[in-house]
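K.L.:
One letter stands for each residue in the lines below.
Protein chains: 2
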Amino acid sequence: MDAAVAYAREHAARFLDDLKVLLRIPSVSTLPEHKGDVRKAAEWVAADLRRMGMEHVEVIPAKGEGHPLVYADWLHAPGKPTVLCYAHYDVQPPDPLDEWVTPPFEPTERNQNLYARGAVDDKGQLVLQLKAFEALFKTNGGKLPLNVRVICEGEEEVGGEQIAAFVREHPDRLKADFALISDTEMFAPELPTLCVGLRGMIYTELEVRGAKADLHSGMYGGAAPNPFVALAQIISELKDREGKILIPGFCDDVQAPSAEELKAWKNLPFDEEEYREKEMGAPKLVGEKGYSTLERTWARPTLDVHGIVGGFTGAGAKTVIPAKATAKVSMRLVPEMTPEKSFRQYKAYVEKIKPEGVTVDVRLIHSGAPIVIGTDNEYVRAATRALKTVWGRDTVFIRSGGSIPVVGDFEKYLKIPSVMMGFGLPDDGLHAPNEKFHIPNFHRGIESVIRFFEEAGA
Amino acid sequence: MDAAVAYAREHAARFLDDLKVLLRIPSVSTLPEHKGDVRKAAEWVAADLRRMGMEHVEVIPAKGEGHPLVYADWLHAPGKPTVLCYAHYDVQPPDPLDEWVTPPFEPTERNQNLYARGAVDDKGQLVLQLKAFEALFKTNGGKLPLNVRVICEGEEEVGGEQIAAFVREHPDRLKADFALISDTEMFAPELPTLCVGLRGMIYTELEVRGAKADLHSGMYGGAAPNPFVALAQIISELKDREGKILIPGFCDDVQAPSAEELKAWKNLPFDEEEYREKEMGAPKLVGEKGYSTLERTWARPTLDVHGIVGGFTGAGAKTVIPAKATAKVSMRLVPEMTPEKSFRQYKAYVEKIKPEGVTVDVRLIHSGAPIVIGTDNEYVRAATRALKTVWGRDTVFIRSGGSIPVVGDFEKYLKIPSVMMGFGLPDDGLHAPNEKFHIPNFHRGIESVIRFFEEAGA
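Sequence order for the protein chains is P and H. Sequential numbering of the first sequence, starting at 17, is according to the working numbering. Sequential numbering of the second sequence, starting at 17, is according to the working numbering.
So that you can see chain P by itself, here it is in the shape it has in the complex:
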């Protein structure tokens, strides 16, 4: 047996314990009160990189208000390729808290799963990289089979400004032949998967203001503009009941997947009824006519509302016409749409359809470009060989409906392809209460990264 894999198996329990330590740090990047925790998570990652033998380990302070990056490298494999390893140590907010079976920042094992906010997104996948490095260092005389750079961020859940700026400004410090992105999932249990496409996004706020102060709906109802009603009117005109986005020109630049890709998707083991019933638990799947569910979630733009701030949300009744209401609205983009043009179209349309009696402020919170990676390169091939060894099956190529903006930046500024090799499962509950990581996938993820590096450095 491969020595590094043997080492990983021997130290499996400790590896999992180390992950739990990181999961206990509530590094919620969007909440200012957790700023110190995001830094703590960065320092934990840096300390682990130092301990195993990485060099130039550095917690790079944020410029301005953001969260730090973590950099490290080991570049002593002359003639071998260089991999740039990416993952993130920030997490989504844990709310709604009352829906967690066990507290989000007390990692708990149940049924071969580890439950915690960030278990799969993305601390579990970050730590499996770290443990692969360690296993290779320890069983290879302090060496790695290829050159490695590591860049981890703490702003993935809030737009990733720091890493975007760093990639743009210091492409020399991240020079590599390819990237390994550990932030995606497998299409189905036991099915080794590489993700080769990501949707982009624009995340916005629509702030609608009516009267200067809250008004009594008895006194003023019938004459006063109601920002919630106005938002409802705006939102109902952004997307029709079948999910078609109504913003003029918004879908003009959408490039359909190739016939070959669509055919491969049809062969994926996808049970739409199980997806609806078990994974989603919704009465009915919705979406644009004429597209399959995978097309709708991977290859079509979408629009969602995440919450509306303002007004009365306590128990019972308060008869107020709120002065303002702010909707959080995001749109997912697909190639060849661009965030800039999409936001421009959206803003102009909202301003045009806004009802009388209110003002509307359309704000861009963050954005990322969509991307499609080609499968025809040696690193993707090395990854599929590694996955075959560990999982015993051929790799499937999928897209993801989510966004990893850094993949676009690596392509644009470093001119390197990304291998998106992830070990999440469809029911892991990313961003939801009771997020989990399937523990066997954590361990086989470590083995997959070990084998991938051995293949890429062979």
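Just to be clear, a hint being listed does not mean it is correct.
You can't tell identical chains apart in this list, so a pair holds if it fits in one copy or across any two.
Below, simulated DSS-like cross-link-like pairs (lysine-lysine); rule was C-alpha separation at most 25 Å, straight line [as the list claims (entries may be wrong)]: (1) K96 x K159; (2) K260 x K368; (3) K228 x K305; (4) K260 x K370; (5) K282 x K294; (6) K305 x K370; (7) K300 x K370; (8) K428 x K79; (9) K300 x K368; (10) K404 x K363; (11) K36 x K51; (12) K51 x K370; (13) K363 x K300; (14) K228 x K300; (15) K36 x K56; (16) K370 x K228; (17) K228 x K260; (18) K79 x K191; (19) K228 x K294; (20) K294 x K370; (21) K357 x K96; (22) K260 x K56.
Keep in mind that the hints were calculated from the coordinates and are not lab data.
Given the structure of chain P, go ahead and fit chain H onto it with the hints provided.
P.N.:
The following block gives chain H in isolation, referenced to the frame of chain P:
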């Protein structure tokens, strides 16, 4: 000078101090954590009634989960009419807290106004009744010029179930010739006003559910139903952009005001531009075509959304498709609409227009019938004489867009008319941050009630 009025003037400073004591009790009836405070307010009212010489003073415990009532009487004026005095000691929640100039439960004087939650709605108006009783007792040998019953409640802001049940079940204990309701406002400063019409209301919750748990909008956006989008679609079909309610049959029973009433409204000192600009501060008044602003707010049904619970409402971005969202939606009703029929029509329509992929639960939180009081009775005439003495001007008769369900119950179960004599001002900010009561109106309100009782008992 009238002895009781002289007494009231002499004790004006103490009267205001007493009001401040009551205002410091955060008796927010809709919030369970303030249940004890509502009771404390009830006990404060009862203690004041006892101190001045009222009899049978009783804090009547709530049935079930609600808040207590306060009852008192003094029935030793044989041959004189009996007045049933009503006010409420519960208040609206103070949020949004950060918009208050001074804290909502620390009453503060500025520019002849007293700022506090409940200052005008309704503690100031409750206390002015108490102080009128006291002035009359103290200057009349411990007697009042007419028989008085007092019934105060602590649930006016949450539907008034306790008082509704009490009126229905114990009409004998509230037997009277007329009621004095101290919970309304003057049409303009210095303009003595009696309110002779109230809108009714139904306050509802629309709970929309999509998936069983929150989902990541990247993974599932395009296939998963979004409860916020569904709510927007529903709300946008409840009311059109001109404020016309689209629920089939909803407006069928609306009875237009008489030609005489409409003419009187036209003569009121109403400056629409000032109302829009200074009082409301909105870019534009909205509302149904073909109706004046007073008709829209007094004599037409309306629909408002007060808040939407659920989803992500923190700072920044969270890309979640929430499992559920609950809108707080109320409709104001006018004669001859009924809450029962209106809710039935609304619920049936919502269930019909709900988008696919979600379930919707339509709940009635509370309701009250609309009412119009005739002006042709001796108590209204006595009130106008009293107001003329105190304010030096003829009374105007207006309606209110708000709801005081107890007025309908008094009419239905006690068969008595209500005199709605209130001293709030249009800019007092009911239900809003920085609610206030104009201090001179508090004192002249006391004098008005004194004179009214003297006129009614003459």
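K.L.:
State for each hint whether it applies.
P.N.:
Hints, verified against the model:
Taking identical chains as interchangeable, the C-alpha atoms of K96 and K159 lie at most 25 Å apart only when both belong to the same chain, with a minimum of 12 Å there against 105 Å between chains. Taking CA atoms no more than 25 Å apart as the test, K260 paired with K368 passes in both settings, with 19 Å inside one copy and 21 Å between copies. Taking the closest pair of Cα atoms, K228 and K305 come within 25 Å of each other only across two copies (24 Å); inside a single copy the shortest separation is 42 Å, beyond that limit. With identical chains, the CA atoms of K260 and K370 are at most 25 Å apart both within one copy (19 Å) and between copies (17 Å).
In this homomeric assembly, K282 and K294 come within 25 Å of each other (Cα to Cα) only inside a single copy, at 20 Å, whereas the closest approach across copies is 62 Å. In the homo-oligomer, the alpha carbons of K305 and K370 lie at most 25 Å apart only across protomers (19 Å), although the nearest pairing inside one protomer, at 27 Å, exceeds that limit. For the identical chains of this complex, K300 and K370 are inter-copy neighbours only, at 13 Å across copies versus 30 Å inside a copy, given an alpha-carbon limit of 25 Å. In this assembly of identical chains, K428 and K79 lie within 25 Å of each other by CA distance solely inside one copy; the values are 22 Å within and 69 Å between copies.
Proximity of K300 to K368 under the C-alpha cut-off of 25 Å is restricted to the inter-copy arrangement: shortest distance 16 Å between copies versus 32 Å within a copy. Taking the shortest alpha-carbon separations for K404 and K363, neither the intra-copy value of 47 Å nor the inter-copy value of 57 Å comes in at or below 25 Å. Taking the closest pair of Cα atoms, K36 and K51 come within 25 Å of each other only inside a single copy of the chain (20 Å); across copies the shortest separation is 42 Å, beyond that limit. Within a single copy, K51 and K370 get their C-alpha atoms no closer than 36 Å, and across copies no closer than 41 Å, so neither meets the 25 Å cut-off.
For the homomeric pair K363 and K300, the shortest alpha-carbon distance between copies (22 Å) is at most 25 Å, but the shortest distance inside one copy (31 Å) is not. Within a single copy, K228 and K300 get their C-alpha atoms only as close as 41 Å, which misses the 25 Å cut-off; across copies the closest is 12 Å, which meets it. For a Cα distance limit of 25 Å, the shortest separation of K36 from K56 inside one copy, 14 Å, qualifies, whereas the shortest one across copies, 49 Å, does not. With identical chains, the CA atoms of K370 and K228 are at most 25 Å apart within one copy only, with a shortest distance of 18 Å there and 32 Å across copies.
With identical chains, the CA atoms of K228 and K260 are at most 25 Å apart between copies only, with a shortest distance of 24 Å across copies and 35 Å within one. When the C-alpha separation of K79 and K191 is checked against a cutoff of 25 Å, the pair qualifies only within one copy, where the shortest distance is 22 Å, while the shortest distance between copies is 74 Å. In this assembly of identical chains, the alpha carbons of K228 and K294 lie at most 25 Å apart only when taken from different copies (9 Å versus 46 Å within one copy). Proximity of K294 and K370 under a CA criterion of 25 Å is satisfied inter-copy only: 23 Å between copies versus 39 Å inside one chain copy.
Within a single copy, K357 and K96 get their C-alpha atoms no closer than 41 Å, and across copies no closer than 78 Å, so neither meets the 25 Å cut-off. With identical chains, the CA atoms of K260 and K56 are never at most 25 Å apart, being 43 Å at best within one copy and 55 Å at best between copies.
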